[in-house]
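Could you build the full structure based on these sequences and the hints that come with them?
There are 2 protein chains.
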Amino acid sequence: MPGTLYVIGVGPGDPELLTLKAAKVLREVTCICVPKGREEGSSLALSIVKKAVDLDGKEIIEAYFPMRKTTKQKPAHRSRSTEKEGSGSASCELDAKWNETAETVMSILAGGIDMAFITIGDPTIYSTFFYLYDRLLELNPGLAVEIIPGVSSINASAARAEISLGLADEKVAIVPATYADSLKGVLEAFDTVVLMKVHKVLDRIIQALDVARLTEKAVYISRAGMSDERIIRNIREVKESDLNYFSIVIVRK
Amino acid sequence: MPGTLYVIGVGPGDPELLTLKAAKVLREVTCICVPKGREEGSSLALSIVKKAVDLDGKEIIEAYFPMRKTTKQKPAHRSRSTEKEGSGSASCELDAKWNETAETVMSILAGGIDMAFITIGDPTIYSTFFYLYDRLLELNPGLAVEIIPGVSSINASAARAEISLGLADEKVAIVPATYADSLKGVLEAFDTVVLMKVHKVLDRIIQALDVARLTEKAVYISRAGMSDERIIRNIREVKESDLNYFSIVIVRK
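Each protein sequence line maps, in turn, to chains D and B. Under the working numbering, the first residue of the first sequence is numbered 1, with each subsequent residue one higher. Under the working numbering, the first residue of the second sequence is numbered 1, with each subsequent residue one higher.
Note that these hints are calculated values from the structure, not bench results. Wrong hints could be hidden among the right ones.
You can't tell identical chains apart in this list, so a pair holds if it fits in one copy or across any two.
Computed list of lysine-lysine pairs in BS3-like fashion (alpha-carbon distance at most 25 angstroms, straight line) [said to hold, decoys possible]: (1) K51 - K184; (2) K36 - K24; (3) K51 - K36; (4) K239 - K197; (5) K184 - K197; (6) K253 - K184; (7) K200 - K184; (8) K58 - K184; (9) K24 - K50; (10) K200 - K36; (11) K197 - K217; (12) K217 - K171.
In structure tokens form, the structure reads like this:
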């Protein structure tokens with residue numbers, strides 16, 4: 001009997017924001033897979049878990065997780081066909097890394113061992129797990145997987161800033177900061193716009209907000225709920241030292 | 001010393017999806033305020049908590065919570081000025097109800113008692129708490145409030161259906177089903193569209209999806225993680241008996 005893969009969202013940073021279920025499963029499993037990529041997130045997921053659950057005696061596997069920069073390759077879905085688009089040599093290299101990680105995971109599960117795969121925030125929103133999932137399903141379409149949702153950094157940031165993301169019939173857009181130069185339409189059409197990973201393009205976001213006359217409606221939040229959290233309600237006052245990989249801007253009209 | 005108001009997201013339905021922090025605070029407080037409105041959500045928040053935390057000896061206050069149907073009146077914010085738009089007599093009646101609830105909460109806090117206000121899912125996304133918050137801040141701008149985020153039904157639904165809401169530089173829109181007849185633009189511009197509370201307008205949503213040729217990309221999920229959960233991957237097959245207040249459609253291109 002192969003093991004079950006528990007995909008666990010460990011929340012945005014505060015170990016107390018783990019769910020009861022996440023903590024229970026993490027206590028029960030003997031093997032935990034931690035994504036190890038180029039970005040800061042890798043070690044954070046494990047450090048969150050360490051503060052909430054005793055990991056003594058558990059096997060920790062650091063699987064290499066290349067962070068993808070493109071959306072061209074859609075993940076497969078258990079009940080859908082996989083769509084793949086052309087891939088160059090860089091993409092092939094990434095694929096090889098993903099396949100390596102997938103094979104490591106599959107070999108452990110094949111030994112009948114339940115395994116937890118931990119990811120910051122919630123697994124369904126901007127988590128690299130779904131790239132791995134694609135490969136895992138290719139290797140074994142009948143794989144036993146349980147995705148345990150977590151508190152996302154978006155909800156945690158709004159909570160810390162005491163902002164509602166949406167009420168009644170309001171519309172909410174979640175937009176990566178790579179769209180900094182084409183925000184006009186979304187700022188017009190939505191009641192709340194959440195801009196993700198803004199740290200590298202904050203000036204361009206401020207420019208777009210200025211044009212839309214919404215700069216005063218924006219709040220900058222980084223590392224919500226962590227000891228070095230920043231909540232800055234005048235985003236013109238955000239300094240270089242406030243910028244962080246885990247940063248979002250919430251624009252609430 | 002007035003008490004602190006803990007606003008607690010209790011997650012989407014599965015009591016194990018409470019956070020460690022939510023469970024801890026709920027064990028510690030002696031008074032829990034439960035919204036009581038016209039919609040199904042009211043009693044659900046309490047029933048979730050009852051399964052995870054022993055409430056014996058705690059005071060449970062059921063506060064009347066009128067569900068608003070309009071977005072015209074924006075909530076106040078601690079650091080922002082309150083904007084109010086014209087209100088008719090129906091609106092005045094709602095305001096009176098809100099003020100009544102706010103005064104009940106304030107009188108308990110004034111007695112130095114810490115209080116938990118529980119809400120399904122996460123407090124920052126489509127939770128009526130922010131209407132109350134508006135009134136509470138009017139009564140006492142220095143009120144001690146801590147918002148404890150929870151797992152939202154959106155993330156839980158995606159997890160149960162094993163769908164990613166967004167990867168890398170993808171854009172996500174969250175749109176209440178009241179916009180069923182004007183979905184064209186959002187379906188074109190976003191990689192994922194989450195339609196909320198679809199139970200009353202599912203035919204019109206299917207019509208809009210047909211026009212956009214996206215019907216096959218939609219999944220219907222209701223009561224994610226609860227015993228009577230429904231996950232229907234062909235939304236044309238959703239029957240009357242599957243429809244539910246806690247229903248969403250995720251359209252993932």
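> Honestly, which of those hints from before does the structure not fit?
Replying inline: Hints 1, 8 contradicted; others consistent.
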